[in-house]
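Number of protein chains: 2
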Amino acid sequence: MYAIDAVKRIASTPLTARVLLREYSQRIEEVEPHVQAWETLDVARALDEARACDLGPTRGILHGIPIGVKDIIDAAGLPTRCGSPIYASQVASADAACVALAKAAGAIVMGKTVTTELAWFHPGKTRNPHNLAHTPGGSSSGSAAAVAAGMVPIAFGTQTAGSVIRPAAYCGVVGFKPSFGLVPRAGVKSQSESLDTIGWMANCVDDIALMAEALTWDTSFRLPDTPVAPRIGVLELPEHDQADAEMLSAIESALRIFASAGANIRSVSPPAAFNALNAAQTTVQLFEAARSYHCEYSQHKHALSARLAGLLEEGRLRTWDQYRAARAVIDTCKAFLPRVFDGVDVLLLPAASGAAPAGLEATGDPVFNRAATALHLPALTLPHFRTGAGMPLGIQFWGWSDVALLQAARWAEQALLRHC
Amino acid sequence: MYAIDAVKRIASTPLTARVLLREYSQRIEEVEPHVQAWETLDVARALDEARACDLGPTRGILHGIPIGVKDIIDAAGLPTRCGSPIYASQVASADAACVALAKAAGAIVMGKTVTTELAWFHPGKTRNPHNLAHTPGGSSSGSAAAVAAGMVPIAFGTQTAGSVIRPAAYCGVVGFKPSFGLVPRAGVKSQSESLDTIGWMANCVDDIALMAEALTWDTSFRLPDTPVAPRIGVLELPEHDQADAEMLSAIESALRIFASAGANIRSVSPPAAFNALNAAQTTVQLFEAARSYHCEYSQHKHALSARLAGLLEEGRLRTWDQYRAARAVIDTCKAFLPRVFDGVDVLLLPAASGAAPAGLEATGDPVFNRAATALHLPALTLPHFRTGAGMPLGIQFWGWSDVALLQAARWAEQALLRHC
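From first to last, the protein sequence lines stand for chains A and B.
Quick note: the first sequence uses my numbering, first residue 19, plus one each step.
Quick note: the second sequence uses my numbering, first residue 19, plus one each step.
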């Protein structure tokens, strides 16, 4: 069920928040043993909250909606384990700002979802609901899987390279990484200050927009019922040839559908400066994370995976000159954005190189996600396409503004739903 | 004693880290009952650490140096109370990145220093060591007072408006707010993401530079023994007439001393865009803080001071349009900086409107600090001047880069020490 429908049904009875909560908790009982999306579940307290919702006045636009919270984001009274034994017993005394904002709008925290180790590459226990032998993607693995498996309608993630868009695409849900600065990061474990961005997953664009309004108090996120057809730029990043045949075919199909639904479509070539963008994002992430995670590295190295320790060692070796040069590359690319978006509302590109790879030892490659994160651009992935083997294939939009992106994505979603 | 001398004496005996630690702890016993700079003291564990320092190899450039940590910054095993009853029992399970970096260089955490309520205006218990009836300034009240009273040689603060430079100036110590992004903020309570900056206080510029190298691993902070005379721009902000007669006289005296010591001095007029800069910084801080502190406001309003609740309510009313306009004002002013710094190495201006005001109910006005914080410029205050009543008067430098600022400040400090 979409959150936006659930809210209406709770408001007009016969659905109570408690009944809704029970439905989701039953679904969790069924599928969680297989999917393993949760680090900590808090169903009893969530039920109490649902009961309180039913007894009191409407709390806000998320009244009674259960949500998942990535386990690097504080939720009061629950541990924030960050996917690391270092934080096994660390209980948050307060909500992160984004959780407090969602709760104030009526959301109910169902629990904490699995993150990869310290929100980087080393995977947690979560499996892809579409095929348990495949990765759900990362680092917001549990949030994507929980939404995909119907255990909550909305869940928070964070993205530093591709940690919202990639798992959402792999798990076949809508994922949204807003523009940098839209949502406050207070109470979120910091990895890379100039990149870390809070995002969320849901099953439709309306639910994404509902959460955006709850978090920003900005009513511009109430999308028009009949969005106009957007002008879509088809972007071929320098890494375009890393997309596989099934992904390219999904993009082709999407373009045919959007064109026949009335979208104006043109090709957009990125400026040459973009050739250095993914490497610049990587340098910034490595440099900043090695410093942000200095406590973990210098005091708890034995508790880090070899993979994470290696990344932090790589980051320690990056110099200030290299870091400043990488930041300058990103700034140069940002300066081209008005030209890149000239005459288009959104850019269309793959959300990942293909569907979720088989295996649980890796979480896939953020090759199609690094650039938007570095550029602070809002990005959104839509599901609706599948591989021959039935795995979800996400297409991705980048927007010039959060609202413009969600409007275009809602139009595109309707076009896809009519055809898929 | 300066940290830089203590490190040398520990390395060459006869001073051991333990003896040094005892000296500081005795000083704390003497003066803390009057000054009340500490929220939490951890002397026993600090002594254990000092003993371990003496037994092992040199840990780094801060080997055996006790430090204070503002109580919005996590130090493992100690509470992070944030100057608020909301966090009375919140114990940090890990060090903030800056604390871990300092510890890895050999620093020993003596305890947590008093912050104003959630690092804003409502004061804590701390008094100005130069006159106990005067404010120490805020929000890094305890750190400034602890260094001024000789209880630790270096202490961390943070600045969102004027919370490092102002208390340092009021307490008569050297205060440094580096450029935005120099020091990672992981593990620090977030108030305003685009403004919050970690800084520190010490008794000389060399100690400031020592900590800068420890936190950044950047050896450019090893300042030359004989710095060259800088080119000093005398900056009159639009708020210049808020400086009182004694402050203006201190600036005049400083300029005479710097000129006779060989500095090239010229007047610098800020561009007209600067007229809107302080108001823009205020809007950004109010807007971001109201969102970052939404948990405190929506769930613990009864535990907030009326002053803080009022600020958060003001921030809630600022719209996205107002916020974006304020960010645009700051960006416009940033674009003028190359012209403002054209031909000068540093800018000189008051660190505050005057000396620390009498009374403990307010912490003074950040009127001369908001601009550098918003512009992400490094700023430093030097003591050495006094009012007729004997209270410290801080002069302030802004730099184009952190290293250039510290070099110029070290030259200026030597010139002042020869004359004061």
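Incorrect hints may have been included.
Unchecked claim - Residues on chain B that point at chain A, a partial pick, calculated with CB under 7 Å: (1) Gln108; (2) Ala122; (3) Ala204; (4) Asp236.
What the hints assert, rightly or not - Away from chain B, derived, C-beta distances all over 10 Å, residues of chain A: (5) Ala94; (6) Ala115; (7) Ala118; (8) Gly168; (9) Pro202; (10) Ser212; (11) Thr234; (12) Gln260; (13) His320; (14) Glu331; (15) Phe354.
Calculated directly from the structure, the hints in this document are not laboratory data.
The C-beta atom is built at its ideal place from N, Cα and C for all residues, glycine as well.
Against the structure, the hints:
no. : hint   : result
1   : Gln108 : holds (4 Å)
2   : Ala122 : holds (5 Å)
3   : Ala204 : holds (4 Å)
4   : Asp236 : holds (6 Å)
5   : Ala94  : violated (8 Å)
6   : Ala115 : violated (5 Å)
7   : Ala118 : violated (4 Å)
8   : Gly168 : holds (29 Å)
9   : Pro202 : violated (4 Å)
10  : Ser212 : violated (7 Å)
11  : Thr234 : violated (7 Å)
12  : Gln260 : holds (31 Å)
13  : His320 : holds (15 Å)
14  : Glu331 : holds (13 Å)
15  : Phe354 : holds (17 Å)
Figure legend: structure checked against the earlier numbered hints; hints not met, in rising order: 5, 6, 7, 9, 10 and 11.
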